[in-house]
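Visitor: Fit chain D to the given chain P structure using the hints.
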Amino acid sequence: MLGYALRRVLSAIPIALIAVSVCFFILRLAPGGPFDGERALPPLVLANLRAHYSLDQPLVVQYFIYIWRLLHGDLGPSMVIEGFSVSRLIAIGFPFTLTLALTAFVIATAIGLLAGMVAAVNQNKWPDYVLVLAVMIGVIIPNFLMAALLQLWFGVHLGWFPAGGWVTGSWMHLVLPVTVLAWPHAARISRLMRGSMIEILGTNYVRTARSKGLGERLVLARHAIKPALIPVVSYLGPGLSYLLTGSLAVEQIFGLPGIGKYFVTAALNRDYGIVLGTTILYMFIILALNLIVDLVYAWLDPKVRYR
Amino acid sequence: MKITQVLKAATTAGVVALLMSSSAYAVTLQMHNGGDPGSIDPHKVSGDWENRVVGDYLEGLVTEDPEAAPIPGQAESWEISDDGLVYTFHLRDGIQWTDGTPVTADDFVFAFQRLMDPATASEYAYLQYPIKNAEAINSGEITDFSQLGVKAVDEKTVEITLEAPTPFFLDALTHYTAYPVPKHLIEEVGDAWTDMDNIVANGPYKIVEWLPGSYVRSEKNADYYDAENVQIDEVFYHVLEDQTAALNRYRAGEFDILTDLPSDQYQWLQDNLPGEAHVEPFLGVYYYVLNQEKPPLDDVRIREALSISVLRDVIGPDVLGTGELPAYGWVPPGTGNYVENAYDPEWATLPYEDRVARAVELMTEAGYGPDNPLNLQLRYNTNDNHQRIAVAIAAMWEPLGVNVELFNSETAVHYDALRAGDFQVGRAGWLLDYNDPSNTLDLLKTGISQGDGTNWGNNYGRYSNEEFDALMDQAATEQDLVARGEILADAEEIAMDEFAAIPIYWYVSKNVVKPYIEGFVDNAKDIHRTRWLTKSE
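Protein chains in written order, with full-length UniProt numbering: chain P, 1 to 307; chain D, 1 to 537.
These are calculated hints, taken from the structure and not from any lab test.
Glycine residues also receive a C-beta, built at the ideal position from the N, C-alpha and C atoms.
There's no promise every hint is true.
Quick look at which bits of chain D chain P covers, simulated, 3 or more residues with Cβ under 8 Å [as the list claims (entries may be wrong)]:
1) 130-141
2) 212-220
3) 229-241
Here are the simulated distance ranges between beta carbons [as the list claims (entries may be wrong)]:
4) D:399 - P:31: 30 to 38 Å
5) D:344 - P:99: 53 to 61 Å
6) P:157 - D:223: 41 to 49 Å
7) D:264 - P:130: 32 to 40 Å
Covered stretches of chain P (in silico footprint by chain D; criterion: 3 or more residues with CB under 8 Å from a CB of chain D, positions within the stretch not fixed) [stated by the list, open to error]:
8) 47-61
9) 153-161
10) 248-256
11) 266-279
Chain P extracted, bound-state conformation (with noise of 0.2 Å):
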């Protein structure tokens, strides 16, 4: 398992470099520059911009510099936000976007699978249709429309909790992002459960299981639940790195200093260092993610083999 594990994170060198080269290109086939502002900058003015940033040299070398400095592990200077180096920008906001995405992740999935496994042990009784209910508000509402909701009626009507901001260490002001972005995840997540569920019980060795005259509780425990999180642990891969990316609407919508408004911003601005930094940073997420959940599968299924 450790050759297996070795051999994906060499695999994964490759992989990492043809995204970068074409996540480069790809950005400077894009109209318009990183100092295409709504005024004309004096034709001096621009030249030194760029040849401080190196824009004036040709495109491939531009892309060597670039991948030069990041094998030295500098992601670069942005070019909107003057001063702040993007590994700067992303130390600032990264531990905020992580601690958001983490927290939301650990309650919803907690959440999401709890839920999935009660309805799915009451199937078609008023559990199931309440938790149906829910997943429907989760997953139809958009975010930034749930963040508006909820800040209208928890911030401004109730008053119970801060509608945004952010003072380091306060949970209060973290009640509502939180909520806004585990919803989602917890009604995919509840959803899965309950279908592989479902699907488990009605599986012949449960059967067995209860013929053989087990408790329904041991039923549950023993035979049913390790192997109905197989596909919920396929998805909470990609979930979390959802939950990550997905940051962005609530970051900008509570005023909280995570990066996630950057992958967009950014883009639109042409910065052209904060989007690659960033997309190299949720690239090595990614990677990393898939590689943890293949490993999890093993554990949970005896059928998966490395080699």
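Guide: Okay, now just chain D, sitting in the frame of chain P:
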């Protein structure tokens, strides 16, 4: 018994102390500031959200009063020579940076040289081009910075020499491009002087924390010469571009001032929070540029038809909902050094049906009509309001036999296309950098030939008229303000009679201010420095 009494007394004392400390301590202003500052270096910023932060921690020779008119800042007085060319500023006694170093004339000389240094690549350096040799240095023609018209006569005296008399120069000096920067610090740490570990201030506030994406926090500068009259102890400039979310947080009491509001909530605000929304004329024009370099818009008849058939009265009140005033000319009402209502075309007063009839006639003359429709592409940068206006105007042009194809793109792509001349009709807007008509009229000057082409700058439509250019040059050297205003008004008339562009509405500033905030005075520049505000709660 005794113990409870002691406990009670202690608790009471504690509570009282807490109350006293919180009342004696920190009056905090929570200001919604919109965008995330790209920088806090006055030579590198360009947005109004950056101006709010920078203008609170740095102060120039001249600063703004509550109405944004120029008043003495770091300079307590000044003299202007009779020919209007030499300004001599006398610095206040005892002014210093927050690290204790005195603010001297050298800091100003250094700041202006750094601003004009092409290597600084300052976007707004051109605002100080009235200064002698500024443009030549900024464009690299002169490399000896000591030739810049800003000199330190002695430690307390700054002398600024201009290229030509400039009536709006004091106003231009209130702009952040004219702020001093700490010479001693920049010589030591370079561009890193704005890092939180290094930064110093000479204004009423000093920046103490910057959390990108969330807020900038400043505290009152006790060393500021007018510190005793500064009421707010601490300011948060919150980053939040989502206007609806900002309004929600304002309603939740988390913001004291909103610097923008969602247009569709304006009516709601007026009904439910009367008096809190401040929608006021703001020096700026929203317009459509017409690409006059190629047919068909090089034909003045078509430009006229397109312009007069735009029913501007419905754009502000109905399409946008915030009551922006219709624009028929090029210089916003309220602009200083100008003739009141200089341009007022007769067609603007005609009934709309007559205007459409006239437009149809012009289109027929130009060879277009229902059988031979004119296909135009209308470009705008992606934004709900721009889209609404584009759709409305496309509908207004339909009766003329004009088929409009709407084309939206993100801001960078949009302006790239406008600059490259790759458009037919394009949306643009201009907010005045200083309160003078030349600031908008300059947009219509013929481009400067450069190498093998012409640099059109911000004149996206490539409007060119020799007579107009000559008047602009003449105005630049005219010293009599009234005569200069009239020359500029003549220039405006020439350009507008030729429909150089289609002005649509005059911008408004949109602030929402809690009733307990005092000292917030509406003004056409929409500048409200925190030092003038008080918060009574």
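Visitor: At the C-beta level, are residue 344 of chain D and residue 99 of chain P separated by a distance inside 53 to 61 Å?
Guide: holds (59 Å)
Visitor: Within the segment 229-241 of chain D, is the number of residues with a Cβ closer than 8 Å to a Cβ of chain P three or more?
Guide: Three-residue rule met by the segment 229-241 of chain D, so holds; n is 4.
Visitor: Assuming the hint says 41 to 49 Å, is it satisfied by the Cβ distance from residue 157 of chain P to residue 223 of chain D or not?
Guide: holds (44 Å)
Visitor: For the segment 266-279 of chain P, does the count of residues with a C-beta closer than 8 Å to a C-beta of chain D reach 3?
Guide: Per the Cβ count (3), the hint holds.
Visitor: Does the segment 212-220 of chain D contain three or more residues whose Cβ lies closer than 8 Å to a Cβ of chain P?
Guide: holds (count 4)
Visitor: Just to be sure I understand the hint, the distance between the Cβ atoms of residue 399 of chain D and residue 31 of chain P should be within 30 to 38 Å; is that true here?
Guide: holds (34 Å)
Visitor: Could you tell me whether the CB distance from residue 264 of chain D to residue 130 of chain P stays inside 32 to 40 Å?
Guide: Holds - the Cβ-Cβ distance for residue 264 of chain D and residue 130 of chain P, about 35 Å, lies within 32 to 40 Å.
Visitor: Taking a Cβ-Cβ distance under 8 Å as contact, does the segment 248-256 of chain P have three or more residues in contact with chain D?
Guide: holds (count 6)
Visitor: Please count how many residues of the segment 153-161 of chain P have a CB within 8 Å of a CB from chain D and say whether that reaches 3.
Guide: holds (count 3)
Visitor: Checking C-beta pairs, does the segment 130-141 of chain D have three or more residues closer than 8 Å to chain P?
Guide: holds (count 3)
Visitor: Confirm or reject the coverage of the segment 47-61 of chain P by chain D under the rule of 3 or more residues with a beta carbon closer than 8 Å to the chain's beta carbons.
Guide: holds (count 3)
Violated hints are absent here; each numbered hint is respected by the structure.
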